[in-house]
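Participant: Residues per chain, in single letters:
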Amino acid sequence: MTDSDDKTLAGEYVLGLLEGAARLDAERRLASDPVFAREVESWRVRFAAFDDAAEPQPVGDELWRKIEAGVPAATSRAKPSPTAWSQFWNNLAALRATALGASLAALILGVGLGFAIRAATQQPTMVAVLLDGNRAGAVVHAFADGRVVLVPITSINVPAGRALQVWTLPSRERGPVSVGLMSEARTLQLSLKDLPPPGPDQLFEITLEPATGSPTGRPTGPVLFKGNTALAL
Amino acid sequence: MTAAAPPDSATEAQVAAALARCAAGDRTALRVIYDAEAPRMAGVARRMLRRQDLAEEAVQDAFMRVWRAAATFDPQKGAARSWLYAILRNCALGILRDENRFTSDEDAADQAAPMTENALAHLPETSALRRCLERLEPARRAVVVLSYVHGLSHGEMAGKLGVPLGTVKSWARRSLISLQECMG
Numbered sequence: 001m002t003d004s005d006d007k008t009l010a011g012e013y014v015l016g017l018l019e020g021a022a023r024l025d026a027e028r029r030l031a032s033d034p035v036f037a038r039e040v041e042s043w044r045v046r047f048a049a050f051d052d053a054a055e056p057q058p059v060g061d062e063l064w065r066k067i068e069a070g071v072p073a074a075t076s077r078a079k080p081s082p083t084a085w086s087q088f089w090n091n092l093a094a095l096r097a098t099a100l101g102a103s104l105a106a107l108i109l110g111v112g113l114g115f116a117i118r119a120a121t122q123q124p125t126m127v128a129v130l131l132d133g134n135r136a137g138a139v140v141h142a143f144a145d146g147r148v149v150l151v152p153i154t155s156i157n158v159p160a161g162r163a164l165q166v167w168t169l170p171s172r173e174r175g176p177v178s179v180g181l182m183s184e185a186r187t188l189q190l191s192l193k194d195l196p197p198p199g200p201d202q203l204f205e206i207t208l209e210p211a212t213g214s215p216t217g218r219p220t221g222p223v224l225f226k227g228n229t230a231l232a233l
Numbered sequence: 001m002t003a004a005a006p007p008d009s010a011t012e013a014q015v016a017a018a019l020a021r022c023a024a025g026d027r028t029a030l031r032v033i034y035d036a037e038a039p040r041m042a043g044v045a046r047r048m049l050r051r052q053d054l055a056e057e058a059v060q061d062a063f064m065r066v067w068r069a070a071a072t073f074d075p076q077k078g079a080a081r082s083w084l085y086a087i088l089r090n091c092a093l094g095i096l097r098d099e100n101r102f103t104s105d106e107d108a109a110d111q112a113a114p115m116t117e118n119a120l121a122h123l124p125e126t127s128a129l130r131r132c133l134e135r136l137e138p139a140r141r142a143v144v145v146l147s148y149v150h151g152l153s154h155g156e157m158a159g160k161l162g163v164p165l166g167t168v169k170s171w172a173r174r175s176l177i178s179l180q181e182c183m184g
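Top to bottom, those sequences are chains F and D.
Following my numbering, the numbering of the first sequence begins with 1 at its first residue and continues without gaps.
Following my numbering, the numbering of the second sequence begins with 1 at its first residue and continues without gaps.
Because the hints were derived from the structure by calculation, they are not lab data.
Computed footprint of chain D on chain F; a stretch qualifies when at least three of its residues, placed anywhere within it, have a C-beta under 8 Å from a C-beta of chain D:
1) 14 to 21
2) 51 to 64
3) 148 to 161
4) 181 to 188
To spell it out: a stretch of chain D is covered by chain F in this simulated footprint if at least three of its residues, at any positions, have a beta carbon under 8 Å from a beta carbon of chain F; those stretches are:
5) 34 to 43
6) 54 to 61
7) 67 to 78
8) 83 to 97
9) 117 to 131
10) 150 to 161
11) 170 to 183
The C-beta atom is built at its ideal place from N, Cα and C for all residues, glycine as well.
Produce the entire structure from the sequences given, and follow the hints as far as they go.
Facilitator: Here it is as structure tokens:
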């Protein structure tokens, strides 16, 4: 395919004219091909004047409340503010009751924040877009230093008492290996310590399992999203 | 109708900074983006979906995705608002193409030419996009405007313009090549 075909293809993608496999293919390339991603961004910028010219519509606090209800509470991911800390230390009952939970949460969010920042500044070596039919649900980035991070890109409904379990297939002989478990869709560092670094065309998938993970050590629930790795250029 | 004042570089910087704070888990930053952009995002979605309730659903979906994916936004690769509106447009297209729950009867009844001219008239006179679109033949211009602004598919445009599907596809590609040459 020539450069000029790619430019036109990127334009068709931005116009919303690609459907089915062609659209999926463009989304995969957008995630893994920096040259194609630049073409897409150029078209977005060219057409941005249309978006800027849209007649603003009134949106109320009700819409904001729905959005707020759908994102995790600030304290579960954010670094606590000084005010929150002072209130925390001033409430001894709460301190006793939650000391363990709070330090765990602080540890987790500190680590999580580190991932997010590093994930945003480093180029992955391998990328997989996990799909459900034609809908992209999550992206797996494998970095040169051995970290493998899953980033959800759509909301995933997890019923009460269930969890999302992430699997990879390092080889046919070995079969699927669990690399992560989470109660809700969030950015997750996958645990591939005992496995070789992901190679090209390695399957990753997310299944719906009991809250404590699959009881058999193999996927038992429905596959929500799956995809194979490709080399990031 | 006059369009509201277009966003400036300060808005872009505000959204980019708020995205970095969202990536760190700060929910108040998501509200900053909501206050700055949600009305216009609803306007973009409404042109595609026609109904206010569906437009708000698209905006809601978009903010959920923005929150979850904020850490993946890379300012080296593109503008924050362009990332934001790409997510919104994908959400709106998802609702629009979900034919089990949405049929665009009203879209089918509207004429291509007035829809195109109306969208063009909302662009600032100085806009390169407007100037370059005006150089295209009306039918080819319509293909760009109806797909981007109103979210019409190749098939829907073929019906509206009364030409074969292949013709619409070829017009879209040629229009893109002309636009790229004209806009650089």
